[in-house]
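Colleague: Read off the chains here:
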Amino acid sequence: MSKRTDSNLYTMLFAIGMVVIVGSLLAFVFSQTKPLITQNQKIEKQQNILYAMGVNENDESSAVFISSDKAGAEFSKYIKKQLIIKGAEVTENNEAYLINVKKEQTNAKNGITRKLPLFVGEKEGKTFYIAPIRGKGLWDAIWGYVAMDQNMVVQGAFFDHKGETPGLGANIKQRYFMDDFIGENLMSNGVFKGITVSKSNNDPKNIDKNDNEVDAIAGATITGDGVAAMIKSELSQYVPYFKTLK
Amino acid sequence: MGLLSKKDAALITDPLADNNPITIQVLGICSALAITAELKASIVMSISVLFVLGIGNVVISLLRNIIPSKIRIIVQLIVVAALVIIVDLVLKAFAYELSKTLSVFVGLIITNCIIMGRFEAFALGNGPWKSFLDGIGNALGYGVILIAVGFFRELLGSGTLLGFKVLGDPIEKTGLYAIGYENNGFMLLSPMALIVVGIIIWIQRTKNPALIED
Chain A
9 MSKRTDSNLY TMLFAIGMVV IVGSLLAFVF SQTKPLITQN QKIEKQQNIL YAMGVNENDE
69 SSAVFISSDK AGAEFSKYIK KQLIIKGAEV TENNEAYLIN VKKEQTNAKN GITRKLPLFV
129 GEKEGKTFYI APIRGKGLWD AIWGYVAMDQ NMVVQGAFFD HKGETPGLGA NIKQRYFMDD
189 FIGENLMSNG VFKGITVSKS NNDPKNIDKN DNEVDAIAGA TITGDGVAAM IKSELSQYVP
249 YFKTLK
Chain B
4 MGLLSKKDAA LITDPLADNN PITIQVLGIC SALAITAELK ASIVMSISVL FVLGIGNVVI
64 SLLRNIIPSK IRIIVQLIVV AALVIIVDLV LKAFAYELSK TLSVFVGLII TNCIIMGRFE
124 AFALGNGPWK SFLDGIGNAL GYGVILIAVG FFRELLGSGT LLGFKVLGDP IEKTGLYAIG
184 YENNGFMLLS PMALIVVGII IWIQRTKNPA LIED
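Sequence lines, in order, name chains A and B. Position 74 (the first sequence) corresponds to 82 in the numbering used here; numbering is contiguous. Position 79 (the second sequence) corresponds to 82 in the numbering used here; numbering is contiguous.
There's no promise every hint is true.
What the hints assert, rightly or not - The calculated DSS-like cross-link candidates involving lysine-lysine, where the alpha carbons are at most 25 Å apart (straight line), are:
#: 1; chain 1: B; residue 1: K176; chain 2: A; residue 2: K170
#: 2; chain 1: A; residue 1: K213; chain 2: B; residue 2: K176
#: 3; chain 1: A; residue 1: K144; chain 2: A; residue 2: K88
#: 4; chain 1: A; residue 1: K53; chain 2: B; residue 2: K103
To be clear, the hints were calculated from the coordinates, so they are not data collected in a lab. All values derive from a computational prediction rather than experimental measurement.
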């Protein structure tokens, strides 16, 4: 019996059969789960944006989104305007949050003017301007949302990552790191400077909010540099819009 | 154990002690180094491997008489990869939060040498029920070590367990930190995982000299 499975013909047929069966099984599962996955991703984006402007269910130390079944309603309650900035042109679009930042970045590289989404939220009489950012960590993509006031002072930040090292780079989505950005000024003397994730700033409690620096995570230098780089390259593009607000 | 015969029970208990996949067979070391900086990650990884190894072993065992031996490694890889992708998609659709926690590990499961090792060494030569028990046993043995390493690395490296500050606050200087204790950042780096695994191997072999090869 063992001889039967040794022939070349059997091996080939087995391989072909296996590929067909496994391939169609995966295709079936994928097509069945796709609508649910897309829906989940939409909700996640809404949760992220709301998180950045402070609409969340955080307790003392953990970062908790507002629950996914409430996300849609809260999103339309707090987000007053969704803008698309394209060059000097600003348009309103209620699906702006679905803009694929990665695709727009590639467009920009190929010389096409990029669409920059910006969400204007209002909470307790305060206006928040929330922008998405995206960049590279150590292993894979990192991204997030930064909420600012009209002077480009950070009001809240949310970061996430695809595959940073657990316990090290993955800690950019921990409260102690994200909360450090609150109150930091992106501008310095009227010029956009960004926020550096610094290993040498002697300010672990982050008391100085005008130094354009937050404290780095030990063992996560490259992820931290990635966060600083994406803040700088992405948010600097919003400066012309914020100038028009004054 | 009334449910299992003595031999079957040994399939589960052996990998927990004297035939542990990590410390004796030295399989699955890669993931033991990579993800044990946090206890939570260790636990999640252990459960994922338990699931994939249990089911994968049964699938391979059922197919064992029809798999052509020339391409058996490829067939094993396809089975693991397909299982992992299905699990990933189903989690993304029905347990999105959990799937985000798992994201890094899903890829790592495919490359985990324990899985290929057990397919090759056990499932190809034994029936489905035995293979299932073997898969569960080895995954548990793997998990025990992972959780032990994760426990010490998170405790000594970050001063937390599952994110809770069990030793006090290092910045506010409370708890142990008030009397001058410091976290050892080295514990968070991969080499320390190897050293912790080494210490476990040392203890295990001291207790049971039969394990020492000449």
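Colleague: Against this structure, judge whether each hint is valid.
Modeller: Here is what the structure says about each hint:
1. B:K176 to A:K170: Violated, at roughly 33 Å.
2. A:K213 to B:K176: holds (12 Å)
3. A:K144 to A:K88: violated (30 Å)
4. A:K53 to B:K103: Holds, at about 13 Å.
This entry does not satisfy hints 1, 3, going by the numbered hints stated previously.
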